[in-house]
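Mind docking chain S on chain D? Use the hints.
Those protein sequences? They're chains D and S, same order as listed.
The first sequence lines up with residues 233 to 975 when you count with the working numbering.
The second sequence lines up with residues 233 to 975 when you count with the working numbering.
Treat identical chains as interchangeable: a pair holds within one or across any two.
Simulated crosslink set (DSS-like; lysine-lysine; CA at most 25 Å straight-line):
hint: 1; residue 1: Lys449; residue 2: Lys912
hint: 2; residue 1: Lys930; residue 2: Lys912
hint: 3; residue 1: Lys930; residue 2: Lys920
hint: 4; residue 1: Lys920; residue 2: Lys627
hint: 5; residue 1: Lys912; residue 2: Lys929
No wet-lab data here; the hints were simulated from the structure.
Every value quoted in this text rests on a predicted model; they were computed, and no experiment measured them.
2 protein chains.
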Amino acid sequence: MDASALQLIIPIAGIAAVLFALYLARDVLSRDKGPQAMQDVADTIREGADAFIKRQYTTIAALAVVGAIVIGAVITAFETKDVADTGVFGIDLGIRTGFAFLVGAACSMASGIIGMYISVRSNVRTAAAARRSLVEAVQVAMRGGAVSGFLVVALSLLGVYGIFAAFGGLSGGQGTHDAPFLIVGFGFGASFVALFAQLGGGIYTKAADVGSDLVGKVEAGIPEDDPRNAAVIADLVGDNVGDCAGRGADLFESTAAENIGAMILGVGAFAIATAANWPNPQAWIFFPLVVRGFGLLATIVAIFFVRGSETENPMNMLNRGYWVTTILSVVGLLITTNVMMNTGTSVGANGIAPWIWFFLAGVVGLATSVAFVYITQYYTAGTFRPVREIAEASKTGPATNIIAGMAVGFETTFVTAITIGIALFASHWLGTQAGLKAADGHDVGGIFGTAVATMGMLMTTAFILAMDTFGPITDNAGGVAEFSRAEAGAREITDRLDAVGNTTKALTKGYAIASASLAAFLLFSAYIDKVNLIIGRQIEAGTQGARVLLTSVNLANVDVFIAGLIGAMLVYFFSSLAIRAVGTTAQAIIVEVRRQFREMPGIMDYSQRPDYARVVDITTRAALRQMVLPGAVAVATPIIVGLLLGHEAIAGMLMVGTIAGVLLATVLNNGGGAWDNAKKYIESGNLKDEDGNVIGKKTPAHAAAVVGDTVGDPFKDTAGPSLHVLVKLLATITLVLAPLFIR
Amino acid sequence: MDASALQLIIPIAGIAAVLFALYLARDVLSRDKGPQAMQDVADTIREGADAFIKRQYTTIAALAVVGAIVIGAVITAFETKDVADTGVFGIDLGIRTGFAFLVGAACSMASGIIGMYISVRSNVRTAAAARRSLVEAVQVAMRGGAVSGFLVVALSLLGVYGIFAAFGGLSGGQGTHDAPFLIVGFGFGASFVALFAQLGGGIYTKAADVGSDLVGKVEAGIPEDDPRNAAVIADLVGDNVGDCAGRGADLFESTAAENIGAMILGVGAFAIATAANWPNPQAWIFFPLVVRGFGLLATIVAIFFVRGSETENPMNMLNRGYWVTTILSVVGLLITTNVMMNTGTSVGANGIAPWIWFFLAGVVGLATSVAFVYITQYYTAGTFRPVREIAEASKTGPATNIIAGMAVGFETTFVTAITIGIALFASHWLGTQAGLKAADGHDVGGIFGTAVATMGMLMTTAFILAMDTFGPITDNAGGVAEFSRAEAGAREITDRLDAVGNTTKALTKGYAIASASLAAFLLFSAYIDKVNLIIGRQIEAGTQGARVLLTSVNLANVDVFIAGLIGAMLVYFFSSLAIRAVGTTAQAIIVEVRRQFREMPGIMDYSQRPDYARVVDITTRAALRQMVLPGAVAVATPIIVGLLLGHEAIAGMLMVGTIAGVLLATVLNNGGGAWDNAKKYIESGNLKDEDGNVIGKKTPAHAAAVVGDTVGDPFKDTAGPSLHVLVKLLATITLVLAPLFIR
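Just chain D, same shape as in the assembly (with noise of 0.2 Å):
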């Protein structure tokens, strides 16, 4: 097949999702809505959810036009005709990059959107499937989060295609060369919005959490979720707005990033390919587009495969589901690789064709995807040690079980750091093994390999994004279940399909980190590629003093040293701020449902109805708040550190600051999800005395392990994820200001 033949593979791909999604949609809005008590709390909580994202996302907006401002100032002022590092530079590329800014922004929001818009439909028919039918309540959730997961990643799919042809990119030979580069802007714009997404509804969705939790659980003494609470339709709709529509823009920054990134380390494969005579240099660059092309169309067969039996755990359909996917992403990852990757006669190490080690190196990002879902599995799972051991000493006291799942956490980081470091190392080697060089003879193939190890891995993503948003729909099923009082059947189904949910969005984090680490390596080579364009440019044109290309990041230079300590630190003081702000804005709302609770006598007897819209009101206020300050400090230490040690330095801000941002991400995610679970494991009675005795609810070791829940909640939900939007912001941040930073 022609290379260029298989480049329709994008647009079909991403209409095609597209389309699927807008089935899947329909299918789901179709279906019975459950009886009209069910249908009044689902209609709250969509109204409350949708207050939040409005006010968020116009404010997000506003934040994204001064953004845009700023940067196509910022890129006007500094990236002028002998500095710039493409033909394009000065006011024109400032507007470009400001444009694509807003664009990748807007796609990010629309992201946010589309995915809270469908799970809060999706809840009270989940909860209505389950008066009914385990499988169709499987299938009703997984559908919806699919609607997200399709339309995410094909409208990161579509905007990078589009506005890297809006920008030449189709247009062959130098335009193609160019365009990855002024498209960067797109991946910072998304990261922008990413970051305030998650955090914003990060601080939220834990606020409400915990100060439900807290005001209702602890204090007034009512179950979770019980409507007595005025908290509890946050609470829910925190679910919507944290878990959905911040994971939502998470993973479509991931994807819009790396992909760009992807691009621009095609451009030197490009030159390799041109200057060596190859087919379709220009299929180099398309690479990371097309293999994503599959990865959805993949997905979409795999959705047909989530089915199964009344009496089956449900996670083995969702297992069946992902490895459909993974299965068919190799196939269409070897179509691709075997097409795009034409070296003609040149062969790379042992006479094997340049093709073969890149899909062998896809491969590898495959397997690490694979890997995180069962090593995240056995951190976060109740039938392994780690769980089992924070319930046991769980006995000993709330103390006890925080030492024991901080252990857990920590521990976490070995196999994570081994996996990664593997996947690294062998992504890496396979590439070098494909010989490619450029022209002053450095290998560029070990540094693509790591590409093509991430284009692999995020192959899958459409499919894990549904199986996370299946998390939250089922979790809001449960609660709307049990605020309409339903019948216990269907309360036993969302609670099986909760746990499976707890389990879901646990692998979706580990998915995120490990995608963001196999990343940072080739963002990190976009970065020091953009540099040297910039830096060949001031060298030829002599007008820049002496100046010498970036070869290596030295850890032995002090400034590097000094700004890779900030850059570890960075992530530690974000997360206290993120933590910080949960508290407070859990704080806000303890004393408004105290209040309503002196001054409305009747809720406790149900005569009064508390008033749930101006809880979710105050949350709204103060989460928006909260966000600003850590969202600040993320943005502007990496400039501040940049303008003052330099372009090197900078760059080990990135690299140190993204292990550093892995890791803790790692700890604070797997001992956040394995306390939760530690609970589930008590509740669900596994836990025993010596004599055999169940140790159950509503002991002090239940509550031991409800501390534990309620300490690891913002960690999981609130730092962690924002720590996977940070890393990326990182490098998204250097590559567009990068010409700032050079002296």
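Using the frame of chain D, we list chain S on its own:
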């Protein structure tokens, strides 16, 4: 004054410090031991501590002998004639390195034993003095601490000097040039012992603390330090073996390793001085020893300034002494730099003599030390925002207490990293202004500036260590007073001293972290110097194929990135193992105390004496067993990474691991200290409700604060301090085993 005359200060100050320590020890030992009841408790504590130390150090000594043999064999095999970094190689070098390792290990063990010996005798005398006078109690405790402080620092000074002399360092010329490289084994031996001493002691002390609290305060409802609790003696023993012996070994190895690293950097300056015909080129190598000699003399004077009135805050008395040490150290630094860094007519930037630039760099080090004293106070003392914030969060239960504490812990990295960054940048910049250029034109002064700053900081180590040991002595004095049911007045005084001791212990950790960070850079540079010496020989010999000098530790190199990732992971994984070891050991204690309560019913009405010795014995065995795994992981990981990924990658692991270790230790130490003092803040009646009523002991808020305190225990006294040692172990291990990693 002549530089070689000034070198005499090294043995003089060392011996003076030893004599002064003996005088202080006589003074303390001659004091009143109080009533028989006090002496009985103290004897029981002493026996337990002796038993632990004997068994621990027997184990460690055996490990050290094995370590020495292995290292000797490895050096013999790998550092052969054509790759040796000096004229000494093969079996000769192997034996010397093994010997230096053993001497370092022995000195480190002696430091631990001495610290312990005097502290278990000062505790009862402090308690007895507290029956009469606050000032006297402060003096007994501080003098007891100073014995340890002086002997540890003097041993480190005389040990490094002695082994340096033994290996030809006093011969002048090539002998002096080579000797710093030959003594690196001394630093490794010290680190090796410190690691196990800190781990074993840290696990012991916190397991006893946590276990005793859980089984006594929480389960049986009896007060802390109540004689009916069989674990209470183990808890008091723990203060000595963990805080005294552990921290003594920690600071011993800090001073030794950093001193040796600075001498290695001095070799570069020595070469420049020789080429330029400056007077006394060898003075650049001797400089670190001389400056530390002045630090010891300054501390001797300062001890006499620890005095005050009965109504004064005891912290003020200690601070007065600390300021005297600092100011006299500035004078000592001025003399040393002026005499020893005599560059004849050569001048640095702006026509200012090089020694002035280096003097200023040294002042930066002293200023950093002062800065950390105040930063730590801000974050861990009850009068400031962070501790108050945690106390306030305790009102809503243990979960919010933990969340607030984690937020504070994470936050402390900000000011830590910024301060270290400024100190590194300033001392490096000042150093570059001195204009020390190597023969190939690259700047040597910058790194040497950071070395001078580190040595400046180390001038106050003896005083800091005295203040640190003050902590466990007063803590123990409180326990002795409580246990022997001493008069209320005495207990009130020991309580006041204990609160001060908590702060001084926290200060020392801040100090240890700051010095480790400053030193990271110098040890790293020493490693690069050593690697390049070896590679230089290999290039000359031409036997090893094409070799290039290590000019850059390039983060863009995938092996370096992976090694950095593993270095940062090691920090978490090691902490996880250390924290879990505390939990496991505490469980063993809880089981035993429960058994005693059950089988000896007379304990509760004081008619039966609990079997304290058995708990001490169980704790000892469990702690020693539990220290092996984290210790082995810490030693093995850098060796494995170095062997697999080579000499450049291991340097990346060292640097990124140091950054990660310093920051995580900051989080653990300060978080733990803040939790501890939040509990004390509530106990002192400072927390109030909305109506101004005190929320004190035995309230739910206090219970929540106790949970935080318990969580913080293994953080701040096991994992955190062990990380200090880990960071320096990474440095000494790479320094000694460098020949193994070169490829």
